[in-house]
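S.K.: Protein chains in written order, with the working numbering: chain P, 1 to 92; chain B, 1 to 1001; chain R, 1 to 225.
Accuracy of the hints is not assured; some may be wrong.
[What the hints assert, rightly or not] Below 30 Å or equal to it, Euclidean Cα-Cα: the simulated DSS-like pairs (lysine-lysine) are:
#1 P:Lys77 - B:Lys724
#2 B:Lys724 - P:Lys76
#3 P:Lys2 - B:Lys724
Don't read these hints as lab results, they were simulated from the structure.
Here the structure is a predicted model, which means the values were calculated and not measured.
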Amino acid sequence: MKILNCPINGPRPVQEFVFGGELREMPDPDAATDAEWTDYVYNRNGSPGPRREWWYHLASGTWFIAERDTGTNDVKKTYLYGDEIRDEVEHG
Amino acid sequence: MARRLAPRGGEWIDRNRPLEFSFEGKKHTGFAGDTISSALWASGRRLLGRSFKYHRPRGVFSFADHDVNVMVQDRALLNIRADVTPLEGGQKLKAVNTVGGLKMDLGQVNNRLARFLPVGFYYKSFHKPAKLFPYYERLIRSAAGLGSVTPGEGRRHWGKGYGFADVLVVGAGPSGLAAASAAGEAGAKVVLVDENARPGGTLTYAENASGGADGMLADLLERIENNPNVDFRADTVASAHFEEHWVPLVHREHGMTKLRAGSVVVAGGAMEQPAVFRNNDMPGVMLGSAAQRLIHRYAVKPFDRGVVLAANSDAYGVVLDLLKAGVEVAAVADLRHEGEQSELGDAVREAGVRVHTGHCVYEAKAAKKGAGVGGAVIAPLDVQNNAVPSRAFEVGCDGICMSVGWAANAALLAQSGCRLGYSEDLHQFVPAELADGIFAAGRVNGVYRAEDKVRDGERAGTLAARHVGKGGAADAPAEAPRHAGPAPSHPYPVYDHPEGMAFVDLDEDVQLKDIKNSIQEGFDSIALVNRFATLGMGPSQGKHSNTNGIRIVARLMTKTIEETGTITSRPFFHPVPMGVLAGRSFHPARRTPMHRRHEERGAVFMRAGDWFRPEYYAAPGRGREEAILGEVRAVRRGVGLIDVGTLGKLEVAGPDALELVERICTGRFAKLKVGMTRYALMTDEAGTITDDGVCARLSDDHFYLTATTSGVDALYREMTRWVKVWGLDAEVTNYSNAFAAMNLAGPRSRGVLSVLTGLDLSEEAFPYLGVREGAVAGVPARVMRVGFVGELGYEVHVPADAGLHVWDAFTEAGEASGIRPFGVEAQRRLRLEKGHVIVGQDTDGLTNPWEANLGWAVKLDKPFFIGQRTLKILEKKGGEEEQRGGEDRRLIGQRTGDRKLAGFALLDGGEGPRPKECHLVIEDGEIIGRVTSIAHSEALGKVIGLAFLPADRTVGSRFQIRADGGALVDAEVVKVPFYDPDNSRQKGAGQREMTYQGGKA
Amino acid sequence: MEGAVATRSPVHDALERLNPAWGRIGPTRAALHFGDPEGEAALKERLALCDTSALKRFGVKGPNAQRWLEDHGIGVPEPANTWSPLPDGQGLVARLGRNEFLVEDGPEGSVTEGLGDSLNSGARGIYPVLRQDAAFALTGGRAGEVMLQVCGVDFGSLDYEARPVVLTRVAVISAVVLPRVEGETRTFRIWCSSPYGVYLWGELRGIVEEFGGGVVGLSAVYGGE
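Isolated chain P (complex conformation) (with noise of 0.2 Å):
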């Protein structure tokens, strides 16, 4: 069974985290047309590769980002979404 490092409780089996989708930034929805928004909405990138995931740690609530290759199922780092973090996703 998988191992997942918890930023803050440490490496766990995967069994106590539940998966929180990709890493995805909304667009802005005054600013994005009907389609570029349906396609926030239900469309997913199922392409094996690295990917930066939402895992959260149910017995202690917490909310992380884990870099996964969605092909080997490695995960690179885990960490807090933090500053760096959505800064990062704001300007792309």
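With the hints as your guide, set chains B and R onto chain P.
M.R.: Just chains B and R now, kept in the frame of chain P:
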């Protein structure tokens, strides 16, 4: 005991402890330390089982749990593999898969009908004529399966625990023992496992091949015993390898340990492989190592007069062991033209044994009496390794040993992602590329000489310890010693026979010609042959059959072994009982603090998620329906009390609390006054309803949000995530488990509550939808006026540890008013009479607010909320639909999901068949909707419900619901709320109590 | 929460069936022993399970929670997921994650008294967390083996000097575990939400008895009362 030998050093049996047991109704005696098969073989029995398909007589074959010839049942205990299961006194054993007993097995007829039962015959028969299928099914069911289940036999609970180790070493043969020692000496915490009762592997039965085995074994064991870092577990199978070195260790008695290791050394050895020739499955035909185990571990003489089929030096060790055990070795047939050139070969020739080089065993002949082999037909081989039957000769014997090769026990390597390659030097698969943290040593790694195995083990153990940061920079070569000398395996010990019965897989009775036929039928890859011919699909999962199978397919397809590939290795290595996997079967359950009162009151419980909730309270002399009706009446007429502690409850506080609520809910809350509540609806980004509840404002920046029992955990997660993403200064706390809650509902509820609280309950001071904080029954509480069931009602929330006290206080205070507890079912009916929607029951994974008539709770002109942008698109689309109109409207409605929840009533007064939730609405043979809720309403004297229907259906229009059995039931659309349409009762209309038009409570 | 209202442990009924000698901790009934206090003290060293739900607790979280506690005379440990004892040696304060704190009084402690009322002034950056726990103590030389049956954390490899607190799953439900080692004796304090109390007590007790242990009262775990 006909075949028991004199005591010998190192034997595994304890002759001071005889054990009595019975097999097929006859009494036998064995010793502690015997396996069931060794005791039976010692007694002279050779017919020990019947094969799966043809019911052929079978005996000991691999004697290593690599075949299931001998499967027995001990009363209610099934799936006993007798070769490796310890004998116990008092066992009453029967062979499985026989009709009328082992000896007289009527299933034998299958053997004679064999040519009508070719490979895959069941795919092509038994389906015509179709009406005979029930008969065929019974026949097949009783023919299939191995053993019979005893229904009513109690469940055995196994423990199942976690375990941790730095290094796991699988296999305690010479290389495993050496690996464990090396890793332990480097400071790693080592767990060493072996499936046998004792450690030592080949050192416990193949003395001659290893040379000086006793001394080597003693030394290796001493190193382990003196090392406190090494934890050795016998009778333990490393059953599989999962991600991050997660390995289930299954012990015969103690169940499973889920072990997490830092690194793994696979030293599982090699599995001896059979030769394929006609009747190679007869009792008495066995692998060389099987004979050696019988002799060395259990002091059992395998047979009196034997023929040994050889293709490596192990075979010659077998010959010497047989001679020492008093067996007459009538002949050795060596597949190799050059024979055996080693010291072992010399010793055999010096002993006077006839050795026929370049010969094979072409056929085993049955004995004249009894079941089992009576002779071997030996034939010479031409230079292409083909048998020449015209020059064959027969040798009388009652046993044939095959020692023609080995297959790496590489299941765990394959499962861990290692790449295996086929070595032409060894004629065996060996690891080509190991996965991270995996090491291999010994025969599984292609290392066959005893001293080499120990060095290879030390190498692997050192590397494994280093992988977890233990041990210094001690030198350890990365590569195993290369094999020198003749190959330990023959590349193709397969000899066809025109009359067939040359078995490749004994579990499934797969013959050589079945593989040929499969390929002819177009199943021309190893994966397809595996499935079509069931090669390797039996309980042994190909341990004795995959290697020959791959060789045969490769040759028939004229491909190399590497090109042909292998059959995917799957957990578990040996069969594991379902009970072991289930372990303790944890089933979490939540109970409210009032649970005991519900029990005392006769509650019939249901599960809502993992909560226990009273569905209704059983009343003596009354059935379920009557009891529920009584509860409904109590609420409508007087006052009822329901435990709603399972409700989701979220505390939202902080300077940005309002902002958070505004963005999560569809409605507007900025102007919600402190001390008031408002219905709250939540949607996801697709505009689908995810949850609903009540939002109470306790102060400017403090909200108390309720949600559905099953939705609150996800809602809490999403809210805490959004808080982070939006950078809001707000805190959400999940109080679902921390607060008990109960609903006091009915025209007399105000009176009852007033007894227990000092809060001003007058209409002016505490209006409908208000929330107040104050003491109830002496406990700090939050009290909300709610209208879910359509009566004057108060929902009281208190800390959980005071819940029972407050419930009891209400029960006492309400006695004079006839207070009664009511359950989930009554509550559902009450709310249905009001047409109130239950999220998750009346809504599904696609329902948007308009479809559920909740558009009034959606304020699209707010700055922002989750789902808003999508709902704006949907609203626009709805407008476009209106414009299109025409007869196609219904079809268009179906495509774009233009449906709405409508209230309905059945037209038959509830006399006819009663539709259920999820029954479909059918019109002109098309599905146009479905029922989401339905129940009989006493207040209205009708069966009412909610259903999804096309949006254009107006009040009064009729439709039909298809109930169980296909009956179409008539219904008509009715306005909601069905009961008290002005909602005056829940609003506590004036001083005059509305009268309830129902029956007696 | 003071006053006449009697509160109960979530496993009160299960304890009642064992005929305890009842005492009180504040408004809550607590099982002190089950008729053999000396036997229980010995059992506690081997393998025992005790219901500690009746102890008084207080919870708080938020960016200013630490300062607020310190202002009220309660020192807290710095690193996330650690604990420290209260001055009386029996109570404790645990830091759950980064910004949440659980303060638990020993049977005779009173640190938590009045903290709740102090907090209701709506101070900035501090949020009360109502504690409604089922709480147990699992003790003895074999306690680690019992934990291996219900929890996948390697307690053997923790650095006990650091006084770790572990937020994990025990028998499939979320729980807080505080492991301690004192010589040969291991103790695991376990907290879970009170609705799960009956379930978790039942599972733990079953395994404890299977391994030859038994139920003890608070006196065994906290010394004489």
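S.K.: Next, verify each hint and record whether it holds.
M.R.: Structure-based check of all given hints:
1. P:Lys77 - B:Lys724: This hinted pair holds, its Cα atoms lying about 20 Å apart.
2. B:Lys724 - P:Lys76: 23 Å, holds
3. P:Lys2 - B:Lys724: At roughly 26 Å apart (the allowed maximum being 30 Å), B:Lys724 and P:Lys2 satisfy the hint.
When each numbered hint is compared with the structure, no violation occurs for any of them.
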